[in-house]
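J.: The chain contents come next:
There are 4 protein chains.
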Amino acid sequence: MNTFGRLLRVTTFGESHGPGIGVVIDGLPGNIPIDLAQVEAALRRRRPGQSPYTSPRQELDTVEVLSGLYQGRTTGAPLTLWIANRDARPEEYASLAEVYRPSHADFTYQLKYGHVDPRGGGRSSARETAARVAAGAIAYQFLRLRYPKLSILAWTAGIGPFSTAYQPKSMEEVEASPVRCPDLAVSQAIEAYLEKLRAEGDTTGGVVACRVEGMPQGLGEPVYDKLSARLAYAMLSINAARGFEIGEGFSSAEMRGSQHNDPFILTEEGRIRPGTNHAGGVLGGISTGEALWFRVALKPIATLRQPQRTVRRTGEPTLLQAAGRHDPCPVPRAVPIVEAMTALVLADFVLLAAGTSSHPNGVPGLSG
Amino acid sequence: MNTFGRLLRVTTFGESHGPGIGVVIDGLPGNIPIDLAQVEAALRRRRPGQSPYTSPRQELDTVEVLSGLYQGRTTGAPLTLWIANRDARPEEYASLAEVYRPSHADFTYQLKYGHVDPRGGGRSSARETAARVAAGAIAYQFLRLRYPKLSILAWTAGIGPFSTAYQPKSMEEVEASPVRCPDLAVSQAIEAYLEKLRAEGDTTGGVVACRVEGMPQGLGEPVYDKLSARLAYAMLSINAARGFEIGEGFSSAEMRGSQHNDPFILTEEGRIRPGTNHAGGVLGGISTGEALWFRVALKPIATLRQPQRTVRRTGEPTLLQAAGRHDPCPVPRAVPIVEAMTALVLADFVLLAAGTSSHPNGVPGLSG
Amino acid sequence: MNTFGRLLRVTTFGESHGPGIGVVIDGLPGNIPIDLAQVEAALRRRRPGQSPYTSPRQELDTVEVLSGLYQGRTTGAPLTLWIANRDARPEEYASLAEVYRPSHADFTYQLKYGHVDPRGGGRSSARETAARVAAGAIAYQFLRLRYPKLSILAWTAGIGPFSTAYQPKSMEEVEASPVRCPDLAVSQAIEAYLEKLRAEGDTTGGVVACRVEGMPQGLGEPVYDKLSARLAYAMLSINAARGFEIGEGFSSAEMRGSQHNDPFILTEEGRIRPGTNHAGGVLGGISTGEALWFRVALKPIATLRQPQRTVRRTGEPTLLQAAGRHDPCPVPRAVPIVEAMTALVLADFVLLAAGTSSHPNGVPGLSG
Amino acid sequence: MNTFGRLLRVTTFGESHGPGIGVVIDGLPGNIPIDLAQVEAALRRRRPGQSPYTSPRQELDTVEVLSGLYQGRTTGAPLTLWIANRDARPEEYASLAEVYRPSHADFTYQLKYGHVDPRGGGRSSARETAARVAAGAIAYQFLRLRYPKLSILAWTAGIGPFSTAYQPKSMEEVEASPVRCPDLAVSQAIEAYLEKLRAEGDTTGGVVACRVEGMPQGLGEPVYDKLSARLAYAMLSINAARGFEIGEGFSSAEMRGSQHNDPFILTEEGRIRPGTNHAGGVLGGISTGEALWFRVALKPIATLRQPQRTVRRTGEPTLLQAAGRHDPCPVPRAVPIVEAMTALVLADFVLLAAGTSSHPNGVPGLSG
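Residue numbers (the working numbering), protein chains in the order written: chain B, 1 to 368; chain C, 1 to 368; chain R, 1 to 368; chain Y, 1 to 368.
Do not rely on the hints blindly, as some may be mistaken.
Copies of the same chain are indistinguishable here, so a pair counts whether it falls within one copy or spans any two.
Unchecked claim - Straight-line C-alpha distance at most 20 Å; calculated SDA-like pairs for lysine to any residue:
#1 149 to 163
#2 196 to 170
#3 196 to 259
#4 196 to 258
#5 196 to 306
#6 169 to 6
#7 169 to 259
#8 169 to 40
#9 196 to 255
#10 149 to 325
#11 196 to 47
Because the hints were derived from the structure by calculation, they are not lab data. Just so it is clear, the structure is predicted and the values come from calculations on it, not from any experiment.
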């Protein structure tokens, strides 16, 4: 179950403190031009140590192509990327092997596998997400080739008690903030809050928002594989994710139908479309062509520099206090991961649409 | 993509205004005793017309077994249930065929399939959920056979501006309220609100909460097929669902790690477990054995008796006003659907755990 | 595991001596015209009692559409067909419940499911294949709509010691023989042989050959999901199938490369194609556009009117002697089943090709 | 579609003339001890250059573990193996890029992907099978841990006009022959034949036989995923495979039911089992516990040192004559590949049986 997708199938492997992590991307058509510089740019955004508010672990994250590219184009064979670990220090984790860390996966991995690799949490480590980001950057290039107007942009919509409804226009606006919050006043409040938490050895959660413009119409399957359901699945598969909402989401629970409904209109160009977009770009599980917009809630990072009560594997009570520097908040680094998972979901649906739609070319009348 | 699940595979079929709806349940082990009365009881809870606040359509929903049962036990062959439609009036829908109904799936179905069955929304109709409820009732019997202490209970946690944090102890508490809200003061406020909306020809959304007690440990897969991710997928596949959160969910975004972490303790019986359960019963995608708890946000019902502006398929502006009686809120009837999808997700993971765990019996040390 | 296919997913259900059998066909695009008369014609060819050499059981096999068709066209929703059993006599099977029938599935079903439905073999009965034939007839209509020159034709290539290399040109030639052997001299020898076996209470096996003309190019996936591998899988899933070979098959094992290779030529129309077709229409798992040709070996029918030694479920030795009339050979009735499974494999690959090929329209330059 | 298996999922990647080939093995339970020396031993058997009758290409095939092992045991995370290419000479293939080689996959890859990697046939190269062999060696260790008496043994049953019915008792018998034919007289005839073919620049096909002793009972699914059907699928996915038969296979087509049926008996130990095994160890798609036996037909190697007529990609006729040394026959090297694919199919069914059987421990009463 380390594979995501139906026609575009992404299989990730590798541990945070083994030789590296990798991803096999299977199902891409042949002859797609791939720019590895874009993959490395995406990885740099995910990388720890990029700002005062992320962990200082050095991950240079250079990407090696193990298969599937020839002269800069996909061959139709599995495209495999490998990112060697350069800063793995498994010995640092030895002491953790004896203790169940609160809100970590050690406990459940032990239940399930009867054996735990203490070197940095194995597959539950955030390191696995580098493989997702690399695969997402490939999927995004495929999407942009087919739909040049499509863009996926995520940002920090809130951290701890601070949040914003501001919607950025570009990645530059997002990247201008060290915490990826494009509302600069809120960004500054968040920065101060993260400093405070760091001083106290505490952590926090937050919310990532994402918006997809230039959406093709007709992506999604009506019953179980709704576009919204696959997005929820993808987002909840991200470490620390605890919630997902699309369009008005939990707010829609308090709205009236007369407020929430999106009446159809005829545009000046003679196209029928919803006049508003409370739905978040999806009706009956299928994309309308309007922007997708959704939010992902992330819980606080579990590793604290404060002492915490817990028990050893033997059951003996103990105090656990993390050494070293750790991110105080998962949100800034989750921004490119949300974008990557979005690209993987959409590219998979683009391939599926070819096979499942009723249009002679295999693709519905797409607006992108 | 009308199939849900990996080892327990549920395929639903049928339209709201065709001869009926059905479900093929494939993957159940043989020799499981099945009580059809429990299936019919579950269907009665989903049925419209059961209270003043649900649509008066009469669906008697008697279940016919087409295959897979012999002398009251599963044979290992696909178990197929069929629920004939008794109150289908396709002609009522004829007038709708010409108009794009705001926030309905007609528009996207037309995009995708190039052909629309106007008879009651086809597969996007709430009628499809009867098949889910029937399948869920079967899955629940399987779960209870394996884990007699396991219970799944959902309820109305909020409708429109009214909500409650009260957690019911039993289905009786839930069913005592005509809107399935076990907090009686809130229930009364909701009832009055729904009356008012009905008078105004308007509708509302709401939130369903769900809690699973007696959870087995070790269910879930660590990376993409996290238990939490599969639940999100299942819940967002329900019509009108717009959000999902597990454990502290969106609230966790505002919490500190020192508040949110669940330290492990040693119980008096010598068992290690989390001392609190902010996580909602899942760590690293795998069940801890603590209660699962999660919430699902539903948008308002799109069919209004108020006039709404929209366009005909020709693009011509028009006013649409629904005749007949329709539910003012999807929440009360969604309660058994949330329970059913939960049962399907869990039963699928129980079968998977047998194959993927490391324990000699194929099943980890389960607490249920 | 009662589902076949990846994008065109066919799920069959029902037992030979229950109320009927059915099939859910999921993944067909919408707006495909369907002629049910063709489905019934296909079922008539599979039906027992159609000649002196098949079982006299009366199966009228009228098809009822439970879902997915509207005004004679697919809607994109699951298309479900139901064939009621009209001649089920479960009581006839009661005596069999106590004995393990040689070379029947009772023994292994008991091992796997711990419970056996004695009514005619449950899912292992040839009755299940009626659902395959119905689904195949739907898939064939889809294929013919996309590739009007495509034709699938199977026939009896051998029964017992009698065989032919003759290749028929049309279904009429095949149907002219009561044993579906288009070589009339061989057909007569087979007919006499089957009479003799019937008189002796014995049975025989045989070989079905199949040829697909007008093949699209580019169907198939190169590594595991080769077109040839999926055909092998489909054919070996047929009851009584014991072997599969494509192109020169087992004969190729004795050939030299210089005999077996198919050199490419330039046709007068300027098209490159293999000049011969020893490969059977597939290279590297992908269709060349030349005719597919392959053969399926079927073992003798296991139910004998001769007395056979075996044991009761208690282990006590006994003699078993079947009453009633049974087919002496599975081959004539397997002919339409082989055609149906071929249609299902090809239609599934046609849908997949749309998503996996590199061509802008989602479909390679197909020759059909 | 570079993934094989349902619960034990094997994804292979890499090209024959890229940096190497690899395999991700996902779904293995944790805590399984793995001996890499056995993997390397299996690879040595597949390696070219091991006898006068195989290609002299030097593939040292040392295996690097990229993920999933810790202290010699599986962790439950994907186990990834990497085999670097040490003798890749892509430049040798440059001249091939212009010509469609008879009976090679270049033609169909070009059709499907619109782009061909001329470096040694990309994914259609026999090099991909090294990844299968490595994965099979892992699966075999898992099988032997669960069923210590299980053994999988394949051998050369025929090459060109020479064949044998002799069944070896051990791998030593097979390995004693340079062409893996345990019948020494036949082996010598084959050796002489291969020398002759080599001198003539020609090639041949042949048949691999395989036998599995110590089979667990109850593996397989009754309808589409029959054990026999999955084996056929796996075997036909091997390059050059053109036929598969199980048990009496194509011979059964000529047999009478009274000859072919396997009557059940009661053993002296009081166990019920088939007294003979014409079925090849499978009834109704499910293993009986008797030995599996089956055969795979392989076509002649397509690369000839004789001149062959064919056309350039431009359509211009040309003569093609392969330089260098190539195997004259695929059979000896296919022997370990057939064993590997068998192990993958069986291990996948072992994991599935845990989830799909009706037995309380998740596993039927297995005889292994």
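J.: Hint by hint, say whether it matches the structure.
T.: To see whether the hints hold, each was checked on the structure:
1. 149 to 163: Intra 29 Å, inter 42 Å, cutoff 20 Å: neither.
2. 196 to 170: Classified as neither; 29 Å inside a copy, 44 Å across copies.
3. 196 to 259: between (41 Å within a copy, 16 Å between copies)
4. 196 to 258: between (44 Å within a copy, 14 Å between copies)
5. 196 to 306: within (13 Å within a copy, 52 Å between copies)
6. 169 to 6: Intra 32 Å, inter 40 Å, cutoff 20 Å: neither.
7. 169 to 259: This pair counts as neither: shortest intra-copy Cα distance 26 Å, inter-copy 35 Å.
8. 169 to 40: Neither way: residue 169 and residue 40 sit 23 Å apart in one copy and 52 Å across, limit 20 Å.
9. 196 to 255: For residue 196 and residue 255, the Cα distance is within 20 Å only across copies (14 Å; inside one copy 37 Å).
10. 149 to 325: This pair counts as neither: shortest intra-copy Cα distance 40 Å, inter-copy 43 Å.
11. 196 to 47: neither (23 Å within a copy, 53 Å between copies)
Of the hints listed earlier, those the structure fails to meet are numbers 1, 2, 6, 7, 8, 10 and 11, in rising order.
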